[in-house]
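**Q** Spelled out, the chains give:
There are 2 protein chains.
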Amino acid sequence: MGKKITMTEVVSRDGLQIEPNFIETEYKISLIKRLMDAGVKRFEVTSFVHPKYVPQMSDAEEVMRGLRDRPDDVTFCTLALNEKGVERAISAGTDEINFTFSLSETHNGKNSRRSVSESLENIKSLVKRADEVNIPVNVGIATGFGCPFEGIYSPDRLIPVVTQLTDWGITSILLADTTGMAHPNQVKQTCQLIIEQFPGVRLQLHLHNTRGMGAANVVAGIEAGVTQFDSSLAGIGGCPFAPGASGNICTEDIVHMLHLMGYETNMNIDKLLLISRNLEEKLGKSLPGQLMKAGKSTDLHSKEWQAVTSK
Amino acid sequence: MGKKITMTEVVSRDGLQIEPNFIETEYKISLIKRLMDAGVKRFEVTSFVHPKYVPQMSDAEEVMRGLRDRPDDVTFCTLALNEKGVERAISAGTDEINFTFSLSETHNGKNSRRSVSESLENIKSLVKRADEVNIPVNVGIATGFGCPFEGIYSPDRLIPVVTQLTDWGITSILLADTTGMAHPNQVKQTCQLIIEQFPGVRLQLHLHNTRGMGAANVVAGIEAGVTQFDSSLAGIGGCPFAPGASGNICTEDIVHMLHLMGYETNMNIDKLLLISRNLEEKLGKSLPGQLMKAGKSTDLHSKEWQAVTSK
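If you read the sequences in order, they're chains A and B.
Going by the working numbering, the first residue of the first sequence is number 1, and it counts up by one from there.
Going by the working numbering, the first residue of the second sequence is number 1, and it counts up by one from there.
Same shape as in the complex, but just chain A (with noise of 0.2 angstroms):
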């Protein structure tokens, strides 16, 4: 009770990344600022990929630009693939940069054309130009609990991977359930063989709520230790493999659960309906988000209140 938990919004990155419709610079901008409002600390602001294979991240410069001016207890990672995407990341000042790769070899092949040991190697040769300008990294492992290609996977082949970061000195760990097929009791078990065999990893959870297990596995990771998990207002950022399904645990709706359960996020949740409502609008269609749609557990109703009755 009134432990933390540290949310990273990942809205402008993962959630606006397969938004066909380009969103202006401006909005972006906005959206963040908006959001540092309602208390959020840290983001994943934007990627710094090849603006033709991700289009709606092209203006990643601009947006760092138009932030930098950002509070000193703010936190901007970035996401970066390769030598071109961390020089860029570093250029336009980001606070530490995030690295990821697929622990399904087809997953990874599918994203990278790399094997799973070729993307790890890459990645070892990032850290250290990272490390060269004291930027603070964290390594993604995408697909971390099962793909839609090899199903789920038993957790110790998390062990062999997560051993190789942590002796090239990777301290920090982002488990990714990038399809939303991960389950509580999984979550869990995962979560605490790798607090316990990993004691000095910072260990980040990314769900996803694609099968409506988000905020089930959310509860399961706290109660295996977690206390940091990425998150997107509003809940959007589908994967390719489940058209129409919900994308990242929302951030209002988990916020406020954990509000409700004793936890601190720092965050206002009023302030994030606001936005998330605004972001509905924005991209004119109907959000994952529920809490938009409901209102808090604890928004009271007048007693002269009546409900329209059904015909």
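Reference listing, derived: stretches of chain B covered by chain A, where coverage requires no fewer than 3 residues with Cβ under 8 angstroms from a Cβ of chain A:
| id | region |
| --- | --- |
| 1 | 138 to 150 |
| 2 | 174 to 188 |
| 3 | 202 to 213 |
| 4 | 216 to 229 |
| 5 | 243 to 249 |
| 6 | 259 to 267 |
| 7 | 294 to 301 |
Calculated from the structure, these hints are not laboratory results.
The C-beta atom is built at its ideal place from N, Cα and C for all residues, glycine as well.
Fit chain B to the supplied structure of chain A, relying on the hints for placement.
**A** Frame of chain A, contents of chain B only:
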């Protein structure tokens, strides 16, 4: 692991009740038949209430008649609120009768124009009639965790009411989070308290996913020792306080999670998904269930599968 969880399917009652357009009796009957074929063994089939107030349930007798030849191991519960309803339920051949009242004075007053103690006295007399004809009853405690007028309650508020019910010989309680405001810690603590203080009571949870906490609350209930849950196919059945929000916890989403976690429900998810998608077509709108959009965690893509490249 391998522990059995009993789900009661409420789609044809709580699920359809607020649908504005009348669903033909034939469809309701065939829906329940297909659900029996998918392994559902317990239903809240319909309610015997005044057709003026709930026109969707005006075909209660016909629905029951159309399902007279059901297997012996399937249980049909029906809802009744007064003497006339009880007599209708008995005549229609119900297996069990559900009664309900609201723990919130304000909510109860709005729904029944009675105080909570008047509603309890009413239930006492209705239970007497059910006892005469040897029909088991379940008593639903609506807004059992909180209500939109009075907020979230302390679990202690349940104790005197459950004491009264058990004093009258009632041993089966349906504890309902009617407006989906309960959080996992609250569900766990409340259920632990009831199970501890009333070891003879069969505690069933009726949860809504209004604020995205439904699946997490199921896991919390199981951790407290609950093994019986209501749910609705496709997650329909919202509440008038939160238009557009999710309704009951979604049968196929919850069953999918439970199976992954190693629990048994007797249900065939593939069959449930076919029925759920058919219901979505029938109602002509997107329904809250996630699995019908995403497919099961164990559905594998061919390794030749290619994501549609985003623009």
